[in-house]
Amino acid sequence: MRYSDDRVILHNQRDTQISRFKAWVLFLVPLAAILFQVYVPLFFQFLAYLELPLIVTVYFALMRRSPIGGLLVGALVGLAQDSLSKNPLGMFGITKTIIGYVAASVGMRLDVDHPMIRLILGFLFFVFHQFIFWALSRGLLGQQMNFETQRTLVLGLLNAIVAVSLFHFLDKLKERT
Amino acid sequence: MDTLLNRYRNITVLLLVILAQLVLLAYQVKNNSDVRLIRFWAVTAVTPLARTIEGLRGGTDGFLQNYVLLRDTRSENQRMRSELGRLKLENQFLKTELATADRVKALEAFETRTPSKMIAARVIGTATGASASAVFVDRGSAAGVEKGMAVVTPDGIVGKVLAAYPTASQVLLATDPTFAAGVVSQKNHVRGILKGLGHGNCRVDYLQNEEKVDTGEWFYTSGDDRIFPKGLPAGQVIAARPGNPFQDVTVDPSGLAGGLEEVLIVLQGVHQDIPELKTAAAPLYMAPPLKEGQTEPSPATSPAAPGHPPVLTTDADKIREHYQQVGAAQGHKFGENLPGSKPADFNYQPKPGENVSVTAKPGLEGEKRIVGDEGTAGPDSPSPPRPRPAGEQKTPVSRPKTVTPDKPAAPPQ
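The listed protein sequences correspond, in order, to chains A and B. Taken in order, the first sequence gives residues 1 to 177; the numbers are from the working numbering. Taken in order, the second sequence gives residues 1001 to 1413; the numbers are from the working numbering.
Worth flagging that the hints you see were computed from the coordinates, not collected in a lab. Among the hints, erroneous ones may be present.
[What the hints assert, rightly or not] With a straight-line cut-off of 25 Å between C-alpha atoms, the simulated PhoX-like cross-links for lysine-lysine are:
#1 A:172 <-> A:22
#2 B:1105 <-> B:1095
#3 B:1095 <-> A:86
#4 B:1105 <-> A:86
#5 A:22 <-> A:174
[As the list claims (entries may be wrong)] Using C-beta positions, here's what the derived DEER-type ranges look like:
#6 B:1092 <-> A:119: 37 to 43 Å
#7 B:1011 <-> A:119: 24 to 30 Å
#8 B:1067 <-> A:108: 50 to 56 Å
#9 B:1091 <-> A:141: 29 to 35 Å
#10 B:1012 <-> A:168: 31 to 37 Å
#11 B:1200 <-> A:109: 39 to 45 Å
#12 B:1166 <-> A:157: 39 to 45 Å
#13 A:108 <-> B:1020: 48 to 54 Å
#14 B:1016 <-> A:18: 20 to 26 Å
#15 B:1056 <-> A:146: 38 to 44 Å
#16 A:18 <-> B:1095: 52 to 58 Å
#17 B:1036 <-> A:141: 31 to 37 Å
#18 A:108 <-> B:1052: 37 to 43 Å
[What the hints assert, rightly or not] Short, incomplete list of chain B residues facing chain A, as computed with Cβ under 8 Å:
#19 1010
#20 1015
#21 1017
#22 1107
Quick reminder that beta carbons are idealized off the backbone N, C-alpha and C, glycines included.
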C-alpha cells in the first residue's frame, strides 16, 4: 500500500475519497468489537483496557467521511456498549456520537490513510473519549471520578498502536471501486 | 429555511441525536430506573453468542489438546516419549479437572455450612468499558436471581447483582468505585463502609483516626447494608494510615483474589457471627464455672470471703496476717502514727480467744482490713472532715458504715 507521504492535509474536495463497506462488515465488525470486550478480558485481563468499539467507530467515521454516518455509527455502537455496561443508557452513546462526528469531520480534512496520522488520531480520540466520558459522569451523573491523566495517556498510546494495526486489517474489508 | 437546514444539516443531526440521548439519560436518572427493554434485548442477544464462543473455545481447546498436540508428539518423538507426553497432558488435564472439582467442592462445602440460601453461577463475560468492574454470570431471573442480591465466594464477598436478566445477571464487583458495603473489623470491631477504588483494592471509609485498625486485620460484612449477610469475609487490611478527616485504610478484597470463575449468589441471606480472632498468646487460665445452685464462689477460689479466714498461700501473706493481728490486738494502726510514737510489740502473741477479725474490702482483691473490738482500724474508718470549699454542696453525704461480723449494721431509719 502506498501512502501519500508528503500530503497530510487534503486541500480540496477531489482529494477526499469515500470508502465504502458491505453491510455485513458494518454490522459484524462493531458487534465483534463489543463481543471482544465482553468475552476476551475474562482470559486476558489486560485486554480490558482496549477500547475496540471506539477504535471501530473512529475507523468507520474516518473512512466514510460523512459526519452524519459517523455520528450514527457512534451512537449505535455506544448505545450497544451502554446496554452491556453498568452505566445508564446514553453515556457511551453520547460520547461516541461526538467522537464519530468529530472523526468524520477530521477525515474530510486529513489524509487518514497515513499511518502516522492514524496513530496520532487514535491517541487523540482515545483521550478525547475518556475526557468526554469523565465530564459526562461528573456533570450528568454527579459521580466524583478522578481523571487519571497519566493512565489515560498510556492507554491512549496503547490503543493508538492497536488502532493502526486494526485499521490496516479493516482496510482489506473495503469495497474495491 | 431549507437552505439554512441544509447548510447546518450535520450539526443539526448531531444535536438532535445528543438531545435524544440526553433525554434518555435524564429519564433514567430522574426516575432512578433503567430502560430495561434495550438492555434486555442486548443481553439476550449477546449471551447466547458468548456461550457459543465459550463452547467453541472449550471444544477447540480439547481438540487441540487431545488430538493435534498428541499427534504432533507422536510424529516428533519416539514411542516412549510420546507416551510420556500423553501422560503429561493427561496429568495436566486431570489437574485442571481436579482444581475445578476442588473449586466446586469448596463452593458446595461453603454452601452447606453457610445458613444462607445460595445458588452457584459461572462467570461468562465482563461488562464493556475500559475501567468496568462488572461481570456477567450465567444465572438470571429464571433461576431466582434478583437485583441487589449479594455475590460471594468461599474466600469472601465478590459484589452484588446489578441487573438480573432471564438467562444472565450483571454483577457489580467490589472493586468498582460505586460499590459500597458495611463492614466491621474482626479484632477491634470497628465499623466502616467498604468501597471500591476502581482497581485491585478497596478502601474502608468513615473510620475515625482514633479507631484502631491494624495491618493484616480482617474486615467482615456487618450486615448493616442489608445486602450482605453479617459475617462474610470482606478483605484484609494492607495499609492503614491516619488521614483527613478519616483514616485511610486500604483493603485487599479476598473474594476477588486468584481470578473469578465460579461464584455463589445469595438468594436468602442469614446473618452469622463474626469468627473470633485466634491469637498466638499464652493460654489464659479461667476458673471453673459455678455449679448449679451455687451463688458465690467457693472459699477455695475466694481469698477473703466474709466469715471465712482468707486462704493464705505464701509466707509473705502469713507474715502480713500475723503483723495485722498483732497491731489490731494492741490498737496500733500501721502507717497512721506520728513519728516518735510507740511502735507495736511484734513479739506479742495474740491469744487464741482474742476477738480479732480480718475482713477484705470488696472489690479490692488481696487488700485486707483488720477490724478489732474498737472498730476504728482500717482505711474506711471515719476521718476528720476536710475543710469544705465555699461553693461546694452543703448537703451532708452519708458515708457507708463499716460492717463487721461482730457489729451488724443498724437498719436504715
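Hints versus structure:
Under the criterion of a C-alpha separation no larger than 25 Å, the hint pairing residue 172 of chain A with residue 22 of chain A is consistent with the structure, at around 12 Å. Proposed proximity of residue 1105 of chain B and residue 1095 of chain B is supported: the alpha carbons are some 15 Å apart, at most 25 Å. Of the supplied pair hints, the one linking residue 1095 of chain B and residue 86 of chain A is violated, its CA atoms being roughly 36 Å apart against a limit of 25 Å. Distance restraint check for residue 1105 of chain B and residue 86 of chain A: the Cα-Cα separation of roughly 31 Å exceeds the 25 Å cut-off, and the hinted pair is therefore not satisfied.
Between the alpha carbons of residue 22 of chain A and residue 174 of chain A the distance comes to roughly 8 Å, so the proposed pair stays at or under 25 Å and holds. Take residue 1092 of chain B and residue 119 of chain A: their Cβ atoms lie about 41 Å apart, and the range 37 to 43 Å holds. The hint said 24 to 30 Å for the Cβ distance between residue 1011 of chain B and residue 119 of chain A, and at roughly 28 Å that hint holds. In this structure, residue 1067 of chain B and residue 108 of chain A meet the distance hint of 50 to 56 Å, their C-beta atoms being roughly 52 Å apart.
With their beta carbons about 51 Å apart, residue 1091 of chain B and residue 141 of chain A fall outside the hinted range of 29 to 35 Å. Checked against the hint of 31 to 37 Å, the pair residue 1012 of chain B and residue 168 of chain A passes, with Cβ atoms roughly 35 Å apart. Residue 1200 of chain B and residue 109 of chain A have their C-beta atoms about 42 Å apart, which keeps the hinted 39 to 45 Å range intact. A C-beta distance of roughly 41 Å is found between residue 1166 of chain B and residue 157 of chain A, which places it inside the suggested range of 39 to 45 Å.
The supplied range of 48 to 54 Å is broken by residue 108 of chain A and residue 1020 of chain B, whose beta-carbon atoms lie about 25 Å from each other. For residue 1016 of chain B and residue 18 of chain A, the Cβ-Cβ distance of about 23 Å falls inside the hinted range of 20 to 26 Å, so the restraint holds. Distance hint check: the CB atoms of residue 1056 of chain B and residue 146 of chain A are about 40 Å apart, consistent with the given range 38 to 44 Å. As the Cβ distance of residue 18 of chain A to residue 1095 of chain B is approximately 56 Å, the hint placing it in 52 to 58 Å holds.
About 19 Å separates the C-beta atoms of residue 1036 of chain B and residue 141 of chain A, a value inconsistent with the hinted range of 31 to 37 Å. The beta-carbon spacing between residue 108 of chain A and residue 1052 of chain B, approximately 40 Å, falls within the hinted interval of 37 to 43 Å. Because the closest C-beta pair between residue 1010 of chain B and chain A is about 4 Å apart, less than 8 Å, the hint holds. Evaluation of the residue 1015 of chain B hint against chain A yields a violated restraint, the C-beta minimum of about 10 Å exceeding 8 Å.
Interface hint at residue 1017 of chain B: satisfied, since its Cβ lies 5 Å from the closest Cβ of chain A, which is below the 8 Å cut-off. Restraint check, residue 1107 of chain B versus chain A: the minimum CB separation of about 18 Å is more than 8 Å; hint violated.
Hint compliance for this structure: hints 3, 4, 9, 13, 17, 20 and 22 are not met, and every other hint is.
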